[in-house]
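Protein sequence lines, in the order shown, are assigned to chains R and A.
Per UniProt numbering, residue 1 is the first one in the first sequence, and the count goes up by one each step.
Per UniProt numbering, residue 1 is the first one in the second sequence, and the count goes up by one each step.
Source of the hints: derived by calculation from the structure; they are not laboratory data.
Virtual Cβ for every residue (Gly too), placed ideally from N, Cα, C.
You can trust all of the hints, since none of them are fake.
Coverage of chain A stretches by chain R, computed from C-beta distances (three or more under 8 angstroms per stretch; other residues unrestricted):
1. 30 to 44
2. 94 to 108
Okay, the calculated beta carbon distance ranges per label pair:
3. N2(R) with G69(A): 41 to 49 angstroms
4. A102(R) with K12(A): 15 to 23 angstroms
5. I93(A) with G101(R): 30 to 38 angstroms
6. S57(R) with T48(A): 31 to 39 angstroms
7. I93(A) with A83(R): 20 to 28 angstroms
8. K12(A) with Q49(R): 25 to 33 angstroms
9. E91(R) with R58(A): 37 to 45 angstroms
10. W7(R) with D84(A): 24 to 32 angstroms
11. E27(A) with G94(R): 24 to 32 angstroms
Number of protein chains: 2
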Amino acid sequence: MNQDYLWIEALKFNDQGLIPAIAQDAEDGTVLMMAWMNKESIQKTLETQEVHYWSRSRSELWHKGATSGHIQKLKSLYYDCDADTLLLKIEQIGNIACHTGARSCFFTEAKISYQ
Amino acid sequence: MNQDYLWIEALKFNDQGLIPAIAQDAEDGTVLMMAWMNKESIQKTLETQEVHYWSRSRSELWHKGATSGHIQKLKSLYYDCDADTLLLKIEQIGNIACHTGARSCFFTEAKISYQ
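Sequences and hints are given; from them, build the entire structure.
This is how it looks when you write it as structure tokens:
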């Protein structure tokens, strides 16, 4: 393994070998989606600079946007203090991250107060 | 249950009864941390308007900031298109979300390109 990538070995994957990855617009900070990555998808993301997740429903590597064209170009990547969550700062091609056509998957606001 | 909170029943919790929750600064969009919630912690968060997570390491309700003073005031809450991730927009009291004293838990940038 390339020495630059030793940090991947330090990540804490869950018992399915996965780690949650938050995708955030690198420019304006909008949180676009959360999905899961495994080691292979992280490596593929770094090799291509395009975000690859692990699809839990299809059990396969998921090159985000490969069919829709809405790929995510990786700008920077952070991991958190206990190394069990990733934050991907990305450029969202087409400005649509969600399969519904919305810009962000978080388009539903919940009611949070009584009355 | 209060009718306003029926959306909680529609959330998809994992087989431990948990759902990931991303905390984002409501003002400037900084992603501060990711932790887990269960139904009880969501309800407690809504009742108090202060964020409560579920601590997986201690297996207990975790009133964020109860000891440090760095509580998180809930401003708004979103769930994603498949209702399995929460996005909490918060006011971070003390401007410190991380137990290390950092503002955000995502303070470690990884090297993402060869050379």
